[in-house]
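Q: Below, each chain spelled out in residue letters.
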Amino acid sequence: MSQTNLGENRMSGAFVVSARKRTIQKGMKFAGEGLLFAIASFVAVVVLFIFFFVARDAIPFFQLRGFAEFFTSTSWYPADAPGEFGALAIIYGSAMVTVGSALIAVPLGVAAAICLSDVLPFSVRQYAKPVIEMLAAIPSVAYGFFALVIFAPLLQNFGGPIMMWAWWLIAGPFMILAVIVLADLLTSKDGEQQSGTNVKRVVLSILFSIIALGFLYWVGMSLNAIQVMTGTNALNVSIILSFMALPTIVSVSEDSLQAVGRELREGSYALGATRAETIVKTVLPAASSGILAAVILGIMRALGETMVVWMASGNSSHIPDPWYNYLDSIRTLTATIAGDMGEADQVTGSARYHVLFAMGLLLLIFSFISNLVSERIVVRQRKILSGQ
Amino acid sequence: MNLGTRKILDRSFTAVGVTSIVLMALALLVVLVPIISGGLKALFFQGTIEHRQLVYNEFGRGDREELERQKEQSQEARRPVFAMLDAFDAELEGMEPAERREYRSQYNHVRDVLHDMLGPLPGDIEPLLLRFQYGNTRWEQAEESLHDLLYVTKWDYSNPNVMAEKYFTPRVDEFQGTALAPLFAYVETHLEEMLLPQPEFYWGFITDRSLDAHIFGGIWAEIQGTFYLAMGAMLFAFPLGVIAAIYFTEYAKDNFLTSMLRSANSTLAGVPSIVFGLFGLAFFINTVKVSESKSVLAGSLTLAIMVLPTIIRAAEEAILAVPKTYREASLGLGATKWRTIVTVILPAALPGIITGAIISLGRAAGETAPIIFTAAVSVGATIGLADVFTEPTPALSWNIYNLASEHEAANEIRHVQYGMVLSLISIVLLLNMSAILLRARISKKLKG
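Taken in sequence, the protein lines are chains U and X.
Taking my numbering, the leading residue of the first sequence gets 1, the next gets one more, and so forth.
Taking my numbering, the leading residue of the second sequence gets 1001, the next gets one more, and so forth.
Keep in mind that the hints were calculated from the coordinates and are not lab data.
Be a bit skeptical, because a hint or two may be false.
[Said to hold, decoys possible] Here are the computed lysine-lysine pairs in the DSS-like style, where the Cα-Cα straight-line distance is at most 25 Å: (1) U:200 / X:1444; (2) U:26 / X:1337; (3) U:129 / X:1444; (4) X:1324 / X:1154; (5) X:1253 / U:29; (6) X:1445 / U:21; (7) X:1324 / U:281; (8) U:26 / X:1253; (9) U:129 / X:1253.
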């Protein structure tokens, strides 16, 4: 490159260069840096272009049909003449699977991140990391295939028992903990140890255990009795999407947990807190904003995912009845774009074509806002932590 | 709170963390194990004589004499079946019209199943589609056909509260007393002699072209398409990404403009993949018109934009990881900044940059949504390197979707779908694995 020569020139002729030559050198350097800058700003240009071109094809839809129908109606019949373009049920479907996957992935992901950053020794961590990376690397269409061909039939045939077992395995241990803590809290209220405390605690424990067991059994049985009508439903998609959101949540929250300094932890330990108390009362609050950023990024991953929802959500455009029924088929924005473009592509210029871009614009705006928010959060946390 | 309780809570807190990591590993296993075991069945299976004949006729592979011998052998076993069919045909001719009609639909079904199993029966018109020219090429399919032949599927609607239950009755009951009755028992006992199953290793699954919309043959066209798309994307994204990373790490000043550019980078990383597809369609195909309609070029460009932020980030990290002393030594020897970057920093950062590039390559190979509108077609032949500017291509990711959700015989070609998923996952995971190993080596080297 010219700049390489330029450097040699300056070396050899540092004492003899004329003013004119120096100007040329400076100009060349400037041009080189300008070129680099131009390439680096290519990304920004691309972002602007994406917004421009998606919006350019989205706006005609709103001109043709207005905003009200798109956001408030649930009748989606784009192929009819004249078509109906109520996307409310589709937007709701997107929200539903996103919330569902977040409900699964956030507790799991944050717990895993805590474990990776504070609990596991380094040697074990080295084996856990590749697992997370592999979960992130598996292509979305492979997850979709798994959801459609393997998981959906399983859910359809054994949905009730599967949910019952999941309930027992997840809620069981937590119930035991709750009983122990509750009994403890109720007996040690007075502060000092009394002679009757232990007896009281045992009695209370037994009492609570019976109540908890009854509750577990009742919920388990009602879950077991549920007949799953179709395996391609919101629950299926939420579970698979949570697998896909997990790596993002784990790695970003782990970074933020690591960013909380050693001093905070040591201070807490010195005051006699256990590890759990240190993490819950000291580390998590300090890292909370970073974890929030992680959650936002994970949610975006689930909201923007196409293949899994397209293959395994059932693609039926209606709001489930009742509204929280995760065992019903739904349809999402991404799946609608992917699925309807094949037919709408032939009729470029129609509302049917532009409505898909309107959906794309909606997704784009959403992802843009959440990205900005999460970025702002991370920057602020870094500032606060480094300020201390 | 009691100290004992606090200890229990602490332990269970640890347990929750460990459990969640174990759950993630389990999730990985639950996804991978069925895909691997199902995918291997596309390569290793009990192949029938029909399979060997198909491979010989279409791809010219196989031992001709051995094939002729086996064909003779299986024909020998099939002859009684054909004789029974002929006998029943003659019997039908002699029946009353009403009685004949009654047998007719049942008999047609028997003939259809036998056709599926053994290929065209004597007296059938030579079929046009390849899928009707051969019988069951895989033994497990033949066994399913056999079950279909031997039993009639019926549904029990007696209990209105639950879904109808399936049950089977022997088909032979319908033909009791006719010349067709012995056929069922004969086929049941002689199926193996008629189809001669033997273990096959069908490596051609990877390298053969597909036949009759993936009902037979391999997936070479898809693998090649995936390769073109991913490599094309890297061709555009890699140089751009590395140069941008150089700018960000070496030249960018800490000002508003730079932070805007960084923001743009993370925004691009967060754009949903389907929106990239929309953009590719609206910009590359409808506006710039890089090609008439879908093409590998348009798909590669779209994928390139998608992986660009990942490459930039990885390259930035790799460049920042180069020790400061390298830079200072080079500058101290009188090299210019640009010379230092090209001859000292980039070579030192190269393994890290390549790690990022490999991971991006895997991501580009696995993505589906961006290529749906820009590059992918469901049926297509392999395309030459010269056609990438104008022609669309089949690709693994898209065809997995297409075969699993839209193919007319999706249930019969599960093995092809599994094989494709396994191929795609192997490509992606092997790339990732090599990236992980490479990174481990780098960190060892940097530690000294």
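Q: Now tell me, hint by hint, if it's right for this structure.
A: Cross-check of the supplied hints:
This hinted pair does not check out: residue 200 (chain U) and residue 1444 (chain X) have alpha carbons roughly 59 Å apart, beyond 25 Å. For the suggested pair residue 26 (chain U) and residue 1337 (chain X), the alpha carbons sit about 14 Å apart, so the restraint of at most 25 Å is met. Restraint check for residue 129 (chain U) and residue 1444 (chain X): satisfied, since their Cα atoms lie roughly 17 Å apart, inside the 25 Å limit. At most 25 Å may separate the alpha-carbon atoms for a hinted pair to count; residue 1324 (chain X) and residue 1154 (chain X) exceed this at roughly 77 Å.
At most 25 Å may separate the alpha-carbon atoms for a hinted pair to count; residue 1253 (chain X) and residue 29 (chain U) meet this at roughly 16 Å. A hinted pair counts as satisfied when its Cα atoms are at most 25 Å apart, and residue 1445 (chain X) with residue 21 (chain U) does not qualify at roughly 44 Å. Between residue 1324 (chain X) and residue 281 (chain U) the alpha-carbon distance is near 39 Å, which puts this suggested pair outside the 25 Å criterion. A threshold of 25 Å between alpha carbons decides the hint, and for residue 26 (chain U) with residue 1253 (chain X) the separation of about 18 Å falls inside it, so the pair holds.
Of the pairs offered as hints, the one joining residue 129 (chain U) and residue 1253 (chain X) is violated, with about 34 Å between alpha carbons and a cut-off of 25 Å exceeded.
When the structure is compared with the earlier hints, violations turn up for hints 1, 4, 6, 7, 9 and for no others.
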